[in-house]
Each structure stands twice: as structure tokens, then as C-alpha cells.
Amino acid sequence: MYLRGPILAAAQLLATMKSGLNLGNTLDTATHSTDPAVMARRLDAIRAEGYGHVRIPVSWRPADFAVCRIDVPEFVDKVESAVDHAIGLGLVVIVNAHHEQWLTRYDGSKAMTDEFTSMWRRIATRFRDKPQNKLVFEVLNEPHGTMGGGGGFGGSSQSPEALALTRKLNAAGYTGIRSVSRRRVVLIQPNDMGSMYQAGKMWPTPEMLPGGGRDQYLAVTLHSYAPWAFVGPNGSDSAFASQKSLEADIAQRFESLLRWMQSVPVPVHIGEFGVGRVNRWLRDSDMVRAYYRCFSARARDAGIPAAAWDDGGDFAITKFNRDATSIQFVYGISEALLSSASPDRQPEGWRDHLVAAVRQEAVNIDGDAATSPTSSTRDFESSTGSLESSTGGVQSYTEA
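Be aware that the sequence shown starts at 1, since it is given in UniProt numbering, and climbs by one per residue.
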């Protein structure tokens, strides 16, 4: 049993998450042990290092499974064990649908759509009693295939058909979750492998989001593996002429994302980013550490919680033996991505984004004064303060 925590809107919950890490290649590919005790030791290390949230990738129907593993008690028990242990440590947990290869051929048919809705309905039912402020659902990792991007069976990720299929499948999973829980925070992701650049093409207006832009418990999650010539397993530090050019590239990516967030005020999470190397010792470099440090700082300054990808391999943040009795954080990468800001610091612009995202309207904050082109008589209370509205469209924001 859990003590019931507060019910938080997506923007509020994301603001509590701080930096995160992925429990990669475990319940998705089973490269690493899925023994509950082993996963618990890895989660202990993540929490002790100072992370605030963990993303747990889960493959519910891998390519070699004819049935969805939500119907396999032994598997679901392992997922729940990891979730419970992480929550017990105080981590916010994201559970997703990961490497769902059957969906790379998604055709928009009623049969496939209903099956995906049913899958998420059953997942949401199994986990319905977990604290709302500690467990988040992510509908689908890196939509691709017929939905476009990442190779496979479809065409361009920019095609109207690929965009429409991705929106439809996200909506199907969302519907399954909402049939069980109206206030569970749900993350959706664009196609093209969840690219940061794709959010604006997928959802150019709030009305195109599931729930029509009115769901306060909805957020978007994105990935960043760019430029591939630097971050990919066969990438090279020489892809950037200098650390300054690396930092400028990251800054440009976040500036583009923030422009979209101003037009579509939905909270944003970054579920994966990182630098891989086939020759893993090459990651012990100042350029690699600078990438993690700068990316994490930009995310925090934008009020976006980000989870670095950790697969224990080419993208390792941690190195551990089979039973995780020995765990090391490698090459100073974890220190780099956690070092750029105090985990308790509220980043610049965070209040603006919180208020705008929760109210689904443009709000500008200058000191303690908030102005909006719209009029409202609603008051808004949050963990950080209160917003008072007047019929003239002028609000005041007071810090808690």
C-alpha cells in the first residue's frame, strides 16, 4: 500500500522529476538480468547517484511473442517489482511500450488500433493503484516503420500518411489509459524516432493533441540523437571543430524546440539522449562529457526533465556485472550531466512554462506580474504558487 500523494498536472509532475536515467536493455530486450533483486540494486545506485526519475523501457509484445506479455503474470510481476522498488526510493517512474515490432507495420486498421488500445487498458488497470505523482505512462517509444522514419516499411516521416498514422496510434494508447485513469500523466511521442525536430510537424496546434489540447495530464516526450556523426556508435569527436561549436549546436536544437513550445503549450520531457561508441573507451573524452553537461544544462534551463539513455553498453552511464553486485558510473559522464545545476534549482523560465502549460493559453510573467491576452475568472493553485485571474485578462502570480 502507498500513502496517497498529491494529484499533479503534467507540468507540475514533470517539474518534480529532475534528471533521469534509463534502465535500458532490461525489460525491453533482456540483455541484462530481469531478476527483481538485480534490478533493485541498479535502481538503488541510480537513486544514490542523485537522479530524480527513471525510465523503464518495457517490450510488451516482442517480435518472438504471439501474445502480449501483460497476460504473462511472471513478466508483469517483474515489471511491477521494478516500479514498486523505484517508487519506494522516491523516484518518479516512466513505464512505456518499447520495441513493439508488431507496430512497425501499423496500418491504421480497426483490429490493430483496438489491440493497442486494449493493451494499454490492461497495463493501466494493472498499475492503477500506483501513486499518480510517481508513475507516468509513455504510449510508444520511437514510432517508425509505416509511421515514417528509422527505416522499415513506410516512406518519409514528413508524409501526411505517416503523420496521421502516428497521431492515430498515440490516440489509441491514450484512449486505453484514459478509460482506466483520467488523471494518470501520459506521454506521447512523434514519429521519426521521436526526434526533437518532429514535434512541431506532428502537433502544429494544441487541438491536434489527444484530448484536443485540454488534457492537463498530457505531455510530449522526445529523443535527441543528433548529430549522428557525433553521437552514434561509430561517431567521432571530430564531428565538431570545438567544444564551442558543440554547445552552439545543442543551443540551436533547444531554441527550435522552445519556439514550438510557445505555440503549443504542452509540457515536454526528453526520454533519451546520449553519445555511443563501439570502442567504448573513446567515450572517456572531454567532448563527450561536454555534450552530456551542456545538453542537461539546456534541458534544465528550459524546464524539461531529461533521461539519459543507459544500456550498459555503447551508451553506458553505468557498468555492472551480471548480478549488479558491482556497479560503476563510467568516464565521469554521470557527474557531468548532474553537475550543471543544483537538482533543487528551478530553472529560468520554468514558471512561465508551468502556468502556460496548465492553463493551455499564453501567459507572460514579469517578476510577480502575469499577463494574458485571454480573460478568465479562474484561480490556479500549484506547488510553487497561486495565479489569480481577472476578467480583464490580467493575472498575478504569488510564490508559495
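Worth double-checking, as some hints may not be accurate.
Think about it this way: if two alpha-carbon atoms lie no more than 25 Å apart in a straight line, the pair counts; the simulated SDA-like pairs of lysine to any residue are [stated by the list, open to error]:
{"hint": "1", "residue 1": "K134", "residue 2": "P6"}
{"hint": "2", "residue 1": "K244", "residue 2": "R259"}
{"hint": "3", "residue 1": "K78", "residue 2": "W281"}
{"hint": "4", "residue 1": "K134", "residue 2": "G150"}
{"hint": "5", "residue 1": "K134", "residue 2": "H99"}
{"hint": "6", "residue 1": "K130", "residue 2": "V72"}
{"hint": "7", "residue 1": "K130", "residue 2": "V76"}
{"hint": "8", "residue 1": "K319", "residue 2": "W281"}
{"hint": "9", "residue 1": "K319", "residue 2": "T31"}
{"hint": "10", "residue 1": "K319", "residue 2": "P6"}
{"hint": "11", "residue 1": "K130", "residue 2": "T175"}
{"hint": "12", "residue 1": "K201", "residue 2": "Q158"}
{"hint": "13", "residue 1": "K168", "residue 2": "G5"}
Note that these hints are calculated values from the structure, not bench results.
Status of each hint after checking the structure:
1. K134 <-> P6: Holds, at roughly 10 Å.
2. K244 <-> R259: holds, 23 Å
3. K78 <-> W281: violated, 33 Å
4. K134 <-> G150: violated, 31 Å
5. K134 <-> H99: holds, 24 Å
6. K130 <-> V72: Holds: K130 and V72 sit about 20 Å apart, inside 25 Å.
7. K130 <-> V76: holds, 14 Å
8. K319 <-> W281: Holds, at about 12 Å.
9. K319 <-> T31: OK: K319 and T31 at ~13 Å, within 25 Å.
10. K319 <-> P6: Violated, at about 35 Å.
11. K130 <-> T175: OK: K130 and T175 at ~19 Å, within 25 Å.
12. K201 <-> Q158: holds, 8 Å
13. K168 <-> G5: violated, 32 Å
Hint compliance for this structure: hints 3, 4, 10, 13 are broken, all remaining hints hold.
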